[in-house]
Amino acid sequence: MLLLRSTLFQILFYILNLVLMITFSPVLLLPRKWGWWVVPVWSKALQLLMRVVAGVRVEIRGRENLPQGGFIAAMKHQSAWETVALIPLFSSPTFILKRELRWIPIFGWYTAKYRQIPINRGKRSEALAAMMLAAKEAIAEGRQILIFPEGTRRPAGAEPKYKFGIAHLYRDLKCEVVPIAHNAGLYWPRSSWKIYPGTVIVEILPPIKPGLPADIFLERMVSEIETVSDRLIEEARRAEIPSPMLDQVDRLRQARPAQGVT
Numbered sequence: 001m002l003l004l005r006s007t008l009f010q011i012l013f014y015i016l017n018l019v020l021m022i023t024f025s026p027v028l029l030l031p032r033k034w035g036w037w038v039v040p041v042w043s044k045a046l047q048l049l050m051r052v053v054a055g056v057r058v059e060i061r062g063r064e065n066l067p068q069g070g071f072i073a074a075m076k077h078q079s080a081w082e083t084v085a086l087i088p089l090f091s092s093p094t095f096i097l098k099r100e101l102r103w104i105p106i107f108g109w110y111t112a113k114y115r116q117i118p119i120n121r122g123k124r125s126e127a128l129a130a131m132m133l134a135a136k137e138a139i140a141e142g143r144q145i146l147i148f149p150e151g152t153r154r155p156a157g158a159e160p161k162y163k164f165g166i167a168h169l170y171r172d173l174k175c176e177v178v179p180i181a182h183n184a185g186l187y188w189p190r191s192s193w194k195i196y197p198g199t200v201i202v203e204i205l206p207p208i209k210p211g212l213p214a215d216i217f218l219e220r221m222v223s224e225i226e227t228v229s230d231r232l233i234e235e236a237r238r239a240e241i242p243s244p245m246l247d248q249v250d251r252l253r254q255a256r257p258a259q260g261v262t
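The sequence shown begins at 1 in our numbering and counts up by one.
Check before you lean on any hint, since a few could be wrong.
Claimed, not checked - The list that follows gives simulated cross-link-like pairs (lysine to aspartate or glutamate, DMTMM-like), each with its CA atoms no further than 25 Å apart:
#, residue 1, residue 2
1, Lys161, Glu64
2, Lys194, Glu159
3, Lys136, Glu100
4, Lys136, Asp172
5, Lys161, Asp247
6, Lys194, Asp247
7, Lys209, Asp172
8, Lys163, Asp215
9, Lys161, Glu234
10, Lys209, Glu64
11, Lys98, Glu137
12, Lys161, Glu100
13, Lys33, Glu235
14, Lys136, Glu159
15, Lys174, Glu226
16, Lys161, Asp215
17, Lys194, Glu235
18, Lys194, Glu234
19, Lys98, Glu141
20, Lys209, Asp230
21, Lys113, Glu100
22, Lys174, Glu224
23, Lys194, Glu240
24, Lys161, Glu224
25, Lys161, Glu126
If you're looking for bench data, these hints aren't it; they were derived computationally from the structure.
No experiment lies behind these values; they were computed from the predicted model shown.
Sequences and hints are given; from them, build the entire structure.
The structure is reproduced here in structure tokens:
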């Protein structure tokens with residue numbers, strides 16, 4: 001039954017994505033601020049699909065910690081879930097994403113239209129300079145920069161591997177950073193076809209004010225995100241039907257060294 005539900009969800013997920021992108025494509029001809037409404041509608045439609053077909057629900061905690069205007073949202077990256085479901089929390093978000101996503105037909109047009117920030121991972125110094133320029137413009141416009149500080153998805157319970165790039169952003173943009181933890185990897189695991197029913201818990205933590213030394217900021221942010229993410233995993237363990245991914249979490253925790261930053 002689980003495999004059947006997961007297969008149905010995966011098929012419908014990509015079909016719905018394509019249908020929505022084609023249906024909404026006329027907004028690509030409009031000014032960005034007039035067409036932005038399609039993005040949260042897209043996110044909510046996909047979340048409805050997750051809930052109805054895959055049985056994945058969501059609980060958001062700490063909405064009151066989101067500042068007004070421009071800031072950086074630093075999110076734990078365990079799953080494809082957070083790339084879709086967290087968007088409606090923000091009034092005018094922009095993701096920092098790999099440049100290759102711009103090359104995907106139709107989807108790439110939307111990332112360009114809504115001025116998502118692409119980076120070329122092959123040219124680190126040039127990528128950092130271009131990212132910083134685009135990020136400064138976004139903050140000046142009162143937008144929210146959404147970033148996954150680990151750079152790529154990590155399985156729930158795996159050793160965290162945070163990059164220093166967000167510390168550069170924090171130091172140079174001089175804006176607040178909001179850490180966001182969750183346990184989505186228990187329900188939509190990385191590199192897995194199966195989707196497990198349950199409730200994804202998201203916790204938005206109090207913003208970190210600008211002005212800290214970059215290394216102190218990074219250490220604090222990592223500690224806060226990882227501490228809360230681990231707590232949310234333990235909270236999921238007490239659910240009526242715990243996720244089967246908890247066995248993998250325990251194995252990964254036993255194998256991992258102390259938390260670190262790369």
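Checked hints:
1. Our distance criterion of 25 Å between C-alpha atoms is broken by Lys161 and Glu64, whose separation comes to about 28 Å.
2. Among the hinted pairs, Lys194 with Glu159 is consistent with the structure: their alpha-carbon atoms are about 22 Å apart, no more than 25 Å.
3. In summary, the hint linking Lys136 to Glu100 is supported, as the alpha carbons are separated by about 22 Å, within the 25 Å threshold.
4. A C-alpha spacing of about 9 Å is found between Lys136 and Asp172, which places the hinted pair at or below 25 Å, so the restraint holds.
5. Taking the CA atoms of Lys161 and Asp247, the gap is about 21 Å. The hint holds against a cut of 25 Å.
6. Distance hint between Lys194 and Asp247 is fulfilled; the C-alpha atoms sit about 15 Å from each other, no more than 25 Å.
7. With a CA separation close to 13 Å, the supplied pair Lys209 and Asp172 stays within the 25 Å bound.
8. Taking the CA atoms of Lys163 and Asp215, the gap is near 11 Å; set against the 25 Å cutoff, the hint holds.
9. Between the alpha carbons of Lys161 and Glu234 the distance comes to roughly 21 Å, so the proposed pair stays at or under 25 Å and holds.
10. Simply put, Lys209 and Glu64 have alpha-carbon atoms about 16 Å apart, close enough for the 25 Å limit, and the pair holds.
11. The suggested pairing of Lys98 with Glu137 holds, with an alpha-carbon distance near 19 Å, which does not exceed 25 Å.
12. The straight-line distance between the Cα atoms of Lys161 and Glu100 is roughly 22 Å, inside the 25 Å bound, and the hint therefore holds.
13. Of the supplied pair hints, the one linking Lys33 and Glu235 is violated, its CA atoms being roughly 39 Å apart against a limit of 25 Å.
14. Restraint check for Lys136 and Glu159: not satisfied, since their Cα atoms lie roughly 31 Å apart, outside the 25 Å limit.
15. Note on Lys174 and Glu226: the hinted pairing holds, with a Cα-Cα distance of about 23 Å set against a maximum of 25 Å.
16. The straight-line distance between the Cα atoms of Lys161 and Asp215 is roughly 15 Å, inside the 25 Å bound, and the hint therefore holds.
17. Between the alpha carbons of Lys194 and Glu235 the distance comes to roughly 21 Å, so the proposed pair stays at or under 25 Å and holds.
18. For the given pair, Lys194 sits about 21 Å from Glu234 by alpha-carbon distance, which is consistent with the 25 Å threshold.
19. Only pairs whose Cα atoms come within 25 Å are accepted, and Lys98 paired with Glu141 is accepted, the gap being roughly 22 Å.
20. Taking the CA atoms of Lys209 and Asp230, the gap is about 24 Å. The hint holds against a cut of 25 Å.
21. Distance check on the hinted pair: Lys113 and Glu100 sit about 15 Å apart at the alpha-carbon level, within 25 Å; holds.
22. For the hint linking Lys174 to Glu224, the alpha-carbon distance of about 20 Å falls within 25 Å, and the restraint holds.
23. Proximity of Lys194 to Glu240 is assessed by CA-CA distance (about 19 Å); at most 25 Å being required, the pair is judged to hold.
24. In summary, the hint linking Lys161 to Glu224 is supported, as the alpha carbons are separated by about 14 Å, within the 25 Å threshold.
25. Proposed proximity of Lys161 and Glu126 is supported: the alpha carbons are some 22 Å apart, at most 25 Å.
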